[in-house]
Every structure is written in C-alpha cells, then in structure tokens.
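Chemist: Chains as they are written, first to last, in this note's numbering: chain G, 6 to 135; chain Y, 324 to 811.
These are computed hints drawn from the structure, not numbers from a lab.
Any given hint might turn out to be false.
Said to hold, decoys possible - Partial selection, computed: residues in chain G whose CB lies under 8 Å from chain Y: (1) P27; (2) L70; (3) N107.
Said to hold, decoys possible - Which residues of chain G face chain Y? A partial, calculated answer using Cβ under 7 Å: (4) T67; (5) L72; (6) E76; (7) V89; (8) H91; (9) E103; (10) E106; (11) V109.
Said to hold, decoys possible - Simulated pairs of lysine-lysine, PhoX-like, Cα-Cα distance not exceeding 25 Å: (12) Y/K443 / Y/K429; (13) Y/K462 / Y/K528; (14) Y/K365 / G/K102; (15) G/K102 / Y/K667; (16) Y/K325 / G/K77; (17) Y/K640 / Y/K667; (18) G/K102 / Y/K373; (19) Y/K338 / G/K40; (20) Y/K667 / G/K97; (21) G/K132 / Y/K372; (22) Y/K453 / G/K121; (23) Y/K640 / G/K121; (24) Y/K562 / Y/K771; (25) G/K102 / Y/K372; (26) G/K132 / Y/K338; (27) Y/K652 / G/K97.
All residues carry an ideal CB built from backbone N, CA and C; glycine is no exception.
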Amino acid sequence: MESAFNKKISAQLEFSAKNAYPGECCGILIGMRSKNGEIEITEARDLPNQIPDAKKNAHFLTDPLLLYQVEKELDERGLEILGVYHSHPDCKAILSKEDLENMVPGLLYVILSVTKDGIADIKCYRKNLV
Amino acid sequence: MKIYISATLRNFFGKNSQVDAPVDTVRKALDYLITTYPEGEKVLYSDNKKIRSFIQIYVNNKKLTVETLWDASLPENTEILLLPAIAGGAPVDAPVESLISDERRKEVSFDDSEIERFGKHLMLRDIGVKGQKRIKAAKVVVAGAGALGSPVIQYLAAAGVGTIKVIDFNEVSLDNLQSQVIHGSRDIKRPKVASAKDKVKNINKNIVFEAVKEQLDASNIVSEIEGYDLVVDCSDNYKARYLINDACALHGIPVVFGAIYQFEGQVGVFNLDGGPCYRCQYPSPPPSGLIPSCSEGGAISPLPGIVGSIQANEALKLILGIGEHLNGKLLHIDSLNLTSRILKVERDCNCPICGNNPTITDVEEIDYEDLCGLKTNDETPVEGFTPEELAKRIDNEDDMTIVDVREPHERAILRFPNAIVIPIGQLARRQKELDPNKDTIFVCKEGKRSVLAINTLREAGYTGPLYNLKGGIDAMKDIMFSHEGAWL
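If we strip away everything but chain Y, and leave its shape as in the complex, we get:
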C-alpha cells in the first residue's frame, strides 16, 4: 500500500511525500507509519487514541468514514491519503459588540449629579464611565406600556438610557393596576404613554421621553423604529409581535422579546448579529382564539415584573456589549414551580424574513390581521349578535340555546345564567346536546374563542344556526348590569 502524506504534515514523517507500507489494512498501514516515524504518532492521534480532527484519511480518493474499513483487507495498489482538514470558524460565543459605537459614546458627557446618580454603575468594572456613557447615548423603543412595559420603562429610565420612546395606544383601566406598576389609580382613563412619561420624568427629568399614542401597524412601524438602537417588545398580542419582529429584522434592529401567560414567561433576543428572528422560532401564530392572550388568560401580578426586569437587563447588556445574551436562545420561566430553562433557537434558512431567500422585503406587503387570523373569513362569516341585540332577545324570551365555552375558573368570576357549559375541546363530540332547530349563541370572555367554537362545530358537520356574542361577556356585562330587571 502507498501512503501519500500531505506537504503540510510531511515534517513529522521524515519529509517524505510517499511511504510504502507492506501491509493490507488501513490500521496496519498507519501503525507501520508511526513505527517508522515515532514523532508522527502525536500528530495523527490525540491522547485518547483517536485520529485528530485536523487529519483526514482518504482511501483511493474516498473519505474513510466507516469504522469497519479500518480493518478491511485492501489490495496492494491501494493508496491512502493523509490530508489536513482545513476547517474552523469564528468564535461562536464571542462577546457581542456594544450596540453603541465608540464615536457616539465619546460625544456623551456627565455632570456632577449624574456621577452621583449612577455611582453604583460606575463602580462596576464591566460598566464604568465608558459603559454608562453608552447607556446615556442609547436610543430605545419600548413597544407597549402595560405589564411588561412597566418594569422595562422604569428600569431603563433609572439605569440612565438617554432616549426612550414608548408606543402604546391604550388608556389606563382599573384592571391594569393589578400588574402594570407604572400606572396608579389617578391615571385611570389617561393614556398609558402619558402616565409612563410622568413616571420617567419623575425618575430623571433629563431623559428624552417620546410618548407615542398610536396603534402600531405596517404603515407606521418603520418610521417609529428607524434610527433607534434597540426595540423592547412588551406587546401582548401576536399581531404586534410579528409586526415588530418583521420590521426590526428588515431594518437590522435587535429585539428583546418578552411574553407572559398565567405563571409562565419567556424572554429572548432576536435579530442580533445574524442570529435568528422570532419567525425562525415561531413561523406562524397559533389560530386566533386557541391560546388566550395575557388579557384573556390572566397572569400573576409579579410575573411581568420578573420577565420585564430580565428584558431590561438584556437590553442594558446589549447596549454595554457585556455578558452572555439570550441571542439565539429563549429563556422560559415557570414562576409557579420556580423552574427555568434556556431553549436554543436556530436561525431558519427558509425563514421568509431572515432566511437565505427572503420572500418578505417590506412589512407593508403583509396583512398582519390576516396572518394572525383576526380577519373573519369571507366565505363563511360568523354571524353574531351585539350585546344589545342579545339582551333584547333575552328580554323577549326568544327560544334559543346559549353555550358558554369558557373555562370553569372563568365562569366562577361571572356566570352567564341559563347557559349550558361545553368547553371547546368537547364541542365536536357533544354536538348532539344542541338542537339544530334552535338558534344557538356562543359566548366567551372576549368573543374570540366563541368564533373558534362555531367554526369547530361547522367543521364537525353541525348544520343548525350558530351565532356569536360579539365582544363576549366583557362587552355584555356593562349593558346587562346597567338596566333594571337585568337578566344577567
């Protein structure tokens, strides 16, 4: 057998390019080689007697991969090639560069009061004056001033982020106060962005705070995020999440994502340094109504504080360029059982936004209402009653069946009298309990799951008339409780 030795390895084998080995297997040939050139053993084999990763062995121009070939008897004219593997890669876990360039950092200065205010940051070796200047130079968008936005906005402000833009369309309501600690009783009915601004200005009046009371959509998102270093996604719905992800992926702005549900939360960093985007992990949203949103599913009060604080911490680390990041990872926290785990998120090369052949190049191409199943299907529209119409029918004592598809603990908050109870999962099986000759009205909390229930029944072949209570019991309760002789 002939052994060809690559010039790159020849120094360890007497500078020979070819060695004749009077043997008939690859293993014996290599044994022969290292018996002749003992110094070559360390080149070929690692300490645990495995062929080193930079050595490639080819037999008659074919790569030796199958273990059995090692001891297979081969003809005399066999040629073994000892070649180097030229391979490597950029450091995978290399520290991420700060989002703020040195030029921008150098433009920032501090006065005496700021030195005092940020003293606890300045004494940290990983932050120091340079890091604090990066924080001050940073421009961050917080999408949502609700449960997650509350800790995120307050911690970013307290940490000294120079420019904070908060986008939220809603006004503060009483039920927000259970978890949205940036707002207080006196803020009820005020825009959330106004209340957030008061809080931030109270923390540090020098912060540039931009309050945007606007519903984010494909037409305005790009102008809202352009020129900012980072977006912290504190939204509570899939439409906003996909919109924010897509716009940020297309404009190269990293996103710190956060989400909460009941006792569990998730945090992740997307669109950073060629890392995955939200769509790589979740290519499409779940069918509308299948998974209740936080506003429908509820959440324990401190949970957004935990998740939002981690988001703020990730945001600051990205601004500073320090530590490990949740880039390409998703942190899952279970506050009920006090467990957490980090899931790996791979970039999807077929991702329509950040893949190799992206099909989405502009957010205005996408109908986000449609993507998230928020549009009613034109072919089979779900007929429904407004709360007023249903109230009238109840007053008229019309013959009809009302089906409550809410979960037991939701019914405990507010019962819908005379309604029969069938959870969505049992509907198809229990359709015999419904009378196809009677009008059947489905109710849930917000009028979304009830649409899903109607579609489920139709798919299961139910032919009777089905109606939805528009806006759900949430919309109904004001009416029914407000007029005399209420039936509810």
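Chain G on its own, in the form it takes in the complex:
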C-alpha cells in the first residue's frame, strides 16, 4: 500500500518522540482518502497521554471523547483520522502485544523507536480485518 508521508510530517513525529522521551508520545495522523484507496496524510497531531506518569514510558491511552471532538472538527473540513503514531522509548519499533490487541483494522500505525541518542527506527503497520 502506498502512503504519502511527507518530510514535514515525519520530522514532526520524530520531534514528538524525542520530546516525550523517556515517556511515550502518541498522536493521530490526519488526511484524506482518495476514491481509489490512496491516502494522503496532511497533518500529525499530538494527543495527551492519559496514563499516569509512573507508567508513561511503557503505555499510552487517549481519551476517546477527545477523538470524537477531533473527528467532528475534521468532518467539516473533509478530513479524517487515518492512523495513529506512538513512540517506543528504548524499545524496538515492533508491535507489542498490547499494540496488537488495540489495533483498529485499516488504520495506519506508525511506531517510532527512540533512545536517548535520538530516533533509532520508524515502522508502519496496518492490520487487516480477520
């Protein structure tokens, strides 16, 4: 699958991941889906992590109602949430068991592996409906 990922967006994701380190950043990828299935990401937006600080470097959770508000705003502009990004501080950019369980089929999941020295790896996943 082709996904247009411009430099500005990826720079923004890398900044978020580094900024949140050693905590875990998370956010949504916003953009448009063309009729033939191609998607274009036009915006990345950080979302506040709801997990209390103690566990922040291992988990993230966002408020579904906040997503609801964001969606309503995007609907008016003809945009939609196409994916989710989050960072794995000091861990590989692989899907954890928790990530897999919480994946919404069809959405893009970008994982950034980040260490104290910067971004180590970026990977993108998508789950098909079983």
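Once you have looked at the hints, place chain Y on chain G.
Modeler: Chain Y only, in chain G's frame:
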C-alpha cells in the same frame, strides 16, 4: 436511538457516520447495526463474543462500563458513540539492550589464546565473538569479596570480564573459609581484596583487577562506581545495600543484588532501564538487630555459591543483552526445601530515589548509619560494659543478673554460665523474672540484639538498671579464655 460511528470504523458500516436504530437498549442497537452491516460484526466482537478492546462505547457522552446498562431501556434521543480506543504500549518484555555499546565492542580484539580460552562461549549462538567482545569490554564493580563475592568474582573473571573492581575492607579470618571459597588458609589475616586479586590473576593475568580496600560510605561510593557498567552487590549488611542502591540509582548504574540467610537466598536486578530500585521493594531497613545478618544468622556453605553464581549469570546476561532478566523481579531460593519463586517488584512512584518526585538527589545527604539504626539514640543511650569491665565485675563477684537473649542453637556453640535465658520475643512478658534493684546485663552474639532487648524492656516500662555487653560474646570470648581462672 442514534449511533455515531467514528470515521476510523466507518468503512465497516457502509461508510455511514450515523445510523438510526429503532430500538431502546444498547445491546439491541448494536444487534441492529450488525444485522444491517454483517461485515461489522467481526470489528465489534471478538471470536468469544466480547466487544473488542479497541472499541469504546459511550452512551450520551458517558463511557459504558456497567454491564446492566447494556439492557437498560433508554429514551429515544439517546446517542451511542462507537469510538476507537487509541492505546498501546512499548513491549514490556522486550529484550534488554546490552550494557556495552557496539562502539565499545568494536574496539576489542582477541588473540589466539583468547579464542581458545573462550571457545565454549564462542560456540554459543547467543554469545559468539560479538558477545565475548562485549564481556571483555565490560567494567564491573563487585562490592564485597566475601561469601557471595567469591563465586561472582571468580565466574566473572573466568568468563572474561575485562575490568573487575573489588571493594572490601576486611581481612580473611578462619570462619570465612566455610563459605568464602575465593580465600584459603594461607590467606588468613590478608586483605580479602589481595587474596581475590591473586585468584583472579591466576585465572587470567590479562584481566584489569582493581583492588580497593576501603569501607564504602557516602563520601567515596560515587567515585568508586563512576564509569563502570554494572555493580554486583555482594555486601552482607543493610547499610551497604542502601548506599550501593542509592548511588547506583542516582548515577544510572544497574545493580545485581544478592543476599543470603541461613538456607535462603535472593537475587534481583535493580535500576535497569527505568525499572525499580531496591528501595521500591524495601523502602526502609528493618530495625537494627531484628534480623540477624548473615554473619550473625549463619548460612549453609554452598548457598552463597548458588546465589552468587546466579548473580554472575545475571551480570553476564546484562552485559550481553540476552535472555530474560530479573529486572523488576526478585528470585527467592529455599535451598533446604529446594523451592524457588520469582516475586514481582513494582517501581514505586513515591520512591525517594527513583520515584516521580525524588527527595534524595545525593548520597551525601543521607546518614546511612542512622537509616539502618546503627546509631545509638542520643535521648536514651544504652549503657554498656566492655568485655574487660564485665570480666572484672564477674571476678569481683558483683551481684548482678546476666540475661542471654540468643537462640537455643547459638547457646549450644558457647554457653554463658550463670546467665538466665530469655529470648527477645518473651522479654516484655517475662520482665517480672528480673530484679529491678539489681544491675542486669544483656548479652548476645555481637552486642546488637542485646541493645534491642534493652530498648524493648524500657518500652515495656521496666525501670531497673540495664546494661549491654559491648561487642557481645564474640568480643568476650577472647578475653575470658585467655586469662587464667576464667569464669567463662
């Protein structure tokens, strides 16, 4: 009822953002939805008919959590929101990275004899040449060259750890030889670090061995551990354990902790990758004297060999970045009943060292003597006699009561004649057996439990004069046995 479907889920429900369901409960509404859009069933429900974890259902902007709400009759203007749960987390049990960076590994080379020496490591897929180079590049501090230090130092040396620093203040004594297998009869009265150095150099003369004969305290610990990859805690007392833990936590150095008592042992890894520290598990030491140290409580000879070998194994795995670690776990071994279990240690967000708002930022802020109750309380100092003074009083046949608070098996080693025996636990109850008009002297093995006994009695309201035998029977036996007509 209206059902709002998040854009992230809409593809499975005919791309609709809203569906009107002519029903009055949440359950019926969802049934209606999947009857209309059968492909949506797999999105909403898992194989065992549970709502999938990535779906959040809100009813009138409130999260649906109570099961009964599923079938509660709701008004027509109710709005159900089907939202995605954006959640996840870094892999919890992800392999820990090696403590040794690739750059440092690449600086290491081997000669032919090393290839031969470490052949059994090189043939292991998980170690190999790269892993062996990490071992050689590693710099490890072993705190203590006693019972646990003996196997730890020898195995780290044999495994090829390039730099080993051993810190120990003591000299070898005869009673050490029962368990401290790095020392021999000829080492008695030599510094333990000197004897350890001989052994290590005999194993591999190329190892950089740093012998530090020093009592660790808040003023010197940081300079001793700085620049090292790992500290293996082989100490036998709480003061050293807290000191090592605190300094390592503040300087980001992982600790492989080990402890033994009688037939039981513990091993754990602390301060690794944001994991818990020793204080998260044990916020404060037990009152001084309550739990005998290994030197007071004793330990079966091979036990430190078992526990120390596991510590060395953990240390090597951390250096190599392989396998499962005791990070955030505590392994408990019972060698008497041959059982072991792994306890989980959670990081304490209120921990004064590694918590969210740490209150300790420098080890020099802490009085470790005081923390471990090793300082006598200034308000009610415990009066005591030196062994010489007590010996003189016994010679003078002074009228006094001597109370032995040791355990029965300890008394079997050496009896204190004419002493009455009251275990600490029974003291408060049996205080009537003591005469408040007579001087009463408490004795134990090292003179620590006897202080606890005196404080216990005072707290229980006993008013008579109480004295402690300083240094305990251990300090007394040399004197009494050495002069003629000994009473002991």
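Chemist: Look at each hint and say if it fits the structure.
Modeler: Checked hints:
With 8 Å as the threshold, the beta carbon of G/P27 comes within range of chain Y, its nearest partner Cβ sitting at about 6 Å, so the hint holds. Using the Cβ-Cβ criterion of 8 Å, the hint placing G/L70 at the interface with chain Y is satisfied: the shortest such distance is roughly 6 Å. Nearest Cβ of chain Y to the Cβ of G/N107: about 5 Å, under the 8 Å cut. The hint holds. A least Cβ separation of about 4 Å between G/T67 and chain Y falls short of the 7 Å threshold, and the interface hint therefore holds.
A hinted interface residue such as G/L72 counts as satisfied when its beta carbon comes closer than 7 Å to some beta carbon of chain Y; here the least separation is about 6 Å, so the hint holds. A cut of 7 Å between beta carbons decides the hint on G/E76: the least distance to chain Y is about 5 Å, and the hint holds. With a cut of 7 Å, the hint placing G/V89 at the interface with chain Y holds, because the nearest CB-to-CB distance is about 5 Å. Given hint, G/H91 at the interface with chain Y, holds; its Cβ is 6 Å from that chain's nearest Cβ, closer than 7 Å.
Annotation: interface hint on G/E103 holds; nearest CB of chain Y at approximately 4 Å, less than 7 Å. Hint on G/E106 holds. Least Cβ distance to chain Y is approximately 5 Å, under the 7 Å limit. For G/V109, the interface hint holds, since its Cβ comes within 7 Å of a Cβ in chain Y; the closest pair sits about 5 Å apart. This hinted pair checks out: Y/K443 and Y/K429 have alpha carbons roughly 21 Å apart, not beyond 25 Å.
Restraint check: the Cα-Cα separation between Y/K462 and Y/K528 comes to about 16 Å, which is no more than 25 Å; the hinted pair holds. Note on Y/K365 and G/K102: the hinted pairing holds, with a Cα-Cα distance of about 19 Å set against a maximum of 25 Å. Restraint check for G/K102 and Y/K667: satisfied, since their Cα atoms lie roughly 20 Å apart, inside the 25 Å limit. Taking the CA atoms of Y/K325 and G/K77, the gap is near 16 Å; set against the 25 Å cutoff, the hint holds.
Between Y/K640 and Y/K667 the CA atoms are separated by roughly 19 Å; this keeps the pair inside 25 Å, and the hint holds. The hinted pair formed by G/K102 and Y/K373 meets the criterion: a straight-line CA distance of about 18 Å does not exceed 25 Å. Between Y/K338 and G/K40, the direct Cα distance comes to roughly 13 Å. Compliance with the 25 Å bound is thereby established for this hinted pair. Note on Y/K667 and G/K97: the hinted pairing holds, with a Cα-Cα distance of about 24 Å set against a maximum of 25 Å.
Annotation: proposed proximity of G/K132 to Y/K372 holds, straight-line Cα distance about 20 Å (limit 25 Å). Our distance criterion of 25 Å between C-alpha atoms is met by Y/K453 and G/K121, whose separation comes to about 23 Å. Proposed proximity of Y/K640 and G/K121 is supported: the alpha carbons are some 22 Å apart, at most 25 Å. Distance check on the hinted pair: Y/K562 and Y/K771 sit about 15 Å apart at the alpha-carbon level, within 25 Å; holds.
About 20 Å separates the Cα atoms of G/K102 and Y/K372, which keeps this hinted pair within 25 Å; it holds. Between G/K132 and Y/K338 the alpha-carbon distance is near 18 Å, which keeps this suggested pair within the 25 Å criterion. Of the pairs offered as hints, the one joining Y/K652 and G/K97 holds, with about 22 Å between alpha carbons and a cut-off of 25 Å not exceeded.
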